[in-house]
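**Student:** Sequence lines, in order, name chains A and B.
Residue numbering for the first sequence follows UniProt numbering, starting at 1 and increasing by one per position.
Residue numbering for the second sequence follows UniProt numbering, starting at 1 and increasing by one per position.
Be careful, since some hints might not be right.
[Unchecked claim] Quick partial rundown of chain A residues pointing at chain B, CB under 10 Å, derived from the structure:
hint, residue
1, Val7
2, Gly292
3, Arg294
If you're looking for bench data, these hints aren't it; they were derived computationally from the structure.
These figures come from a predicted structure and were not determined experimentally.
Every residue gets a Cβ at the ideal spot worked out from N, C-alpha and C, and that includes glycine.
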Amino acid sequence: MSDQKPVDYSAFPDAGGHFGPFGGRFVSETLIGALDELQEMYSRLKDDPEFRAAFDYDLAHYVGRPSPLYLAERLTAEAGGARIWLKREDLNHTGAHKVNNTVGQALLAKHSGKRRVIAETGAGQHGVATATVAARLGLECAVYMGAEDVKRQSPNVYRMKLLGAEVIPVQSGSKTLKDAMNEAMRDWVTNVDDTFYIIGTVAGPHPYPQLVRDFNSVIGREARAQSLEEFGRLPDALVACVGGGSNAIGLFHPFLNDRDVKMYGVEAGGEGLASGRHAAPLNKGVPGVLHGNRTYLMEDEDGQIIETHSVSAGLDYPGVGPEHAWLKDIGRVNYVVADDQEALSAFRTLTRKEGILPALESSHAVAYALKLAAGMSPDQNIVVNLSGRGDKDIFTVAAIDGIEV
Amino acid sequence: MTQQNRIDRRFARLREEGRKALVTYLVAGDGGPENTVPLMHQLVASGSDLIELGVPFSDPMAEGPVIQRGHERALEFRTSLRQCLEMVREFRREDSDTPVILMGYANPIERMGAERFADAALEAGVDGALTVDLPAEEAGPLSDLLRARNLRNIFLLTPTTSEERIQAITRLASGFVYYVSLKGVTGAGNLDPQAVRENLGRIRRFTDLPLCVGFGIKDGASARAVSEAGDGAVVGSVLVSAIGEARDGAAARDAVAEITGEIRTALDA
Chain A
1 MSDQKPVDYS AFPDAGGHFG PFGGRFVSET LIGALDELQE MYSRLKDDPE
51 FRAAFDYDLA HYVGRPSPLY LAERLTAEAG GARIWLKRED LNHTGAHKVN
101 NTVGQALLAK HSGKRRVIAE TGAGQHGVAT ATVAARLGLE CAVYMGAEDV
151 KRQSPNVYRM KLLGAEVIPV QSGSKTLKDA MNEAMRDWVT NVDDTFYIIG
201 TVAGPHPYPQ LVRDFNSVIG REARAQSLEE FGRLPDALVA CVGGGSNAIG
251 LFHPFLNDRD VKMYGVEAGG EGLASGRHAA PLNKGVPGVL HGNRTYLMED
301 EDGQIIETHS VSAGLDYPGV GPEHAWLKDI GRVNYVVADD QEALSAFRTL
351 TRKEGILPAL ESSHAVAYAL KLAAGMSPDQ NIVVNLSGRG DKDIFTVAAI
401 DGIEV
Chain B
1 MTQQNRIDRR FARLREEGRK ALVTYLVAGD GGPENTVPLM HQLVASGSDL
51 IELGVPFSDP MAEGPVIQRG HERALEFRTS LRQCLEMVRE FRREDSDTPV
101 ILMGYANPIE RMGAERFADA ALEAGVDGAL TVDLPAEEAG PLSDLLRARN
151 LRNIFLLTPT TSEERIQAIT RLASGFVYYV SLKGVTGAGN LDPQAVRENL
201 GRIRRFTDLP LCVGFGIKDG ASARAVSEAG DGAVVGSVLV SAIGEARDGA
251 AARDAVAEIT GEIRTALDA
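All chains should be built: construct the whole structure from the sequences, respecting the hints.
**Tutor:** Written out as C-alpha cells, the structure is:
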C-alpha cells in the first residue's frame, strides 16, 4: 500500500495560514498591515515562557481551570452503551469555553498597547467574554451584534452593557453574526492604530484560526490528561458541536495525532438537512471564500452567502473554521448533524438526568453522543465537550414550550 | 510580449494629452439591472475614462455604508456575476473604446470557477479585474488566468503597505494601481493630499504603472488635489449615493452626469 508518512496535524497551518486548500488570508490590502502586525506579535509571544505563564495563571485563577471531566452516569444509562464523560466548559467564568480565547487575546491586546478592543458576537457569549476581559484590563470595548440578534438575546446585551461595553446593533445584510463580523472588520480597518480585534471563533484571516485554536486547545490538553487519570487510556471518541468550530477544535486538536481516537463534529441541522433551513456547511455547503478564509460555506448558485437557521444562535453561521474544512476533506474528523428537535430533546434529558442545564449549542453534541454511545460497548469512553451552560437559553426553550418567563 | 488593451491605450493617451484619468465606480444592478448600461454610457459621456463595475456581493467587507447599500439594492434584483458580464457585453455594442473593469469579491468568481470567469470576461469585453479580497498572496492563480487572456489585474495599495509588499504586488499588478488614500472603508472622510503625495512617491520608485487614487474623493477639488501627484482619481461612494437617492433611472443619470462633469472639469482645469 502507501508508504506515505502520516500527516502531522500539529504542523498546520503553513506559514500563509493554509490548512491544505483551506484557510489563508483573503482580505483587502487595507487589512494586511494589521494582520502582519498581529501575526508577528503572536509568533513572538506564543512560546514565550512569560506569556505562557501569564495565560496559564489567568486560566487557573480567573477562568477557574482546569474544568472537570465528569462521568455522566445517568446519561450513560439512558444511552445504554459507552460511558459518556462531559468536559465541563460550562463551569468556566462567564459560562462557556469562549473565555479561554478572550483571556488569551486580551493578553495580546495588552502587549500591543492598544487601548480599545472590538468583537463580533451572535448569541452574545463571545461578546460577554470579550466585555469581561476588557473590564478587567480597563480597555474600551465595542461589540458588534446583528440587529436581529440584539432583539433575540437581550439578557446578554444587558450583561455586556453592565460590563461597560458599547453594543452596536448591525443593520446591514441579514443583520446576524456574519454581518456583525463584516462590521467589526470595517471598524478594525478604520481604527487599527488603537484597536485590537478579538475574533471569537476559529474563522477569519490568518492568524486568527490558529491563535483562537491555540488558546482553546487547553480543553483538549486537559481532557487528554484527565482521561488517562480517570480511565487509564485515551477516549474512544470525542464529540463537540461545530458552528465556527472553536470549542470543537479546542477539544480535538491535542488528540489529532492519536489515530485511534475517533472524532465527531456536530453541525446544526436546524429544521432538517432536507429543508434547506440549517447551519451545516460541512455537510451541505461548498468551498468558497468568506471573512478572510477559504472554507465550506452556505451559499446560493451565484456565490452569495445565504441565511442559516438553528434553534441555537451560536451555531447560526454560514461558514466554519478552515481547519475543520480540511479535517473533513482528509477524513480525520466525521462531521455529522443534530437538528433542532434532537438538540432540544438532549437539552431536556441532560437537565433531568444530571442536573446540568447545557447551552443549546452544546446540546447538539449531547444529542449526537447519546446516539453514538448506544452503538458502542460499555467499556468504551466518549468525551463530550459541554461547551457552555444553558441559562442564556431558558427564554428560547420557554418560548418553544409556550411559556412566558 | 503583451499586447496593449483598452486600459493601457487609455492611460497612454491621457499621458500624451497631459490629463488625469477619471475612474468611476457603480454597482451593477443598483437601481435595477436595466439602468446599469445606460448609466455606464452616461458616465462616459460626462467624462469618465474608465468604469469600475462593482459586482454585488452579500458580504462586501471592505465597503463603507454607502456602497454596502448599493450592493444590497443590487441584490434585491439578484444581480449575479453572470449578469454583470452580460451588461458589459451590452455596453460594448455601443462603446468599444472605454475600458471596463470588474470590481468585486472572490466568492462569486470561485463559484463560477476562475477559468470560466476569465474566459467569460474576455468574451464579454471586460478589460481587467480588481478582486478586493484577493491580496497578492492569494491572487496567483486568477492573475495567471487573466494574464493569459491579456486581461489586466488591478491591485490595491494602501498607506500601510510595506515597501517589500509594494514590490511583490506591483510585480503581479497590471493596467494601473489603485492607491487607497486612507485607512478605512470606502466612502470615509479626512483626505490628506500631502500624505497621498508622499505615498505615491514611495510607490513610484517601484513601478511605472499609472497610479489612481481612491477612497474619500467627493468632488472636483478633492479629485484634483489627490491626482496631482498621480495619474488619476477614482470616484465611487458619491456616485453610488446619488444613484441610491434617485427616484428613477433618468434621475440617476442626471445626478451622475452632474457629479462626473464637475469632477472632469476640475481635473482638466
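**Student:** Is the shortest C-beta separation between Gly292 of chain A and chain B less than 10 Å?
**Tutor:** Since the shortest Cβ distance to chain B is 7 Å, the answer is holds.
**Student:** Hold the hint about Val7 of chain A up to the distance rule: shortest CB distance to chain B must be less than 10 Å.
**Tutor:** Cβ of Val7 of chain A sits 23 Å from chain B, so the hint is violated.
**Student:** Hold the hint about Arg294 of chain A up to the distance rule: shortest CB distance to chain B must be less than 10 Å.
**Tutor:** Holds - the Cβ of Arg294 of chain A comes within 10 Å of chain B, reaching about 8 Å at its closest.
Consistency with the previously given hints fails for number 1 only.
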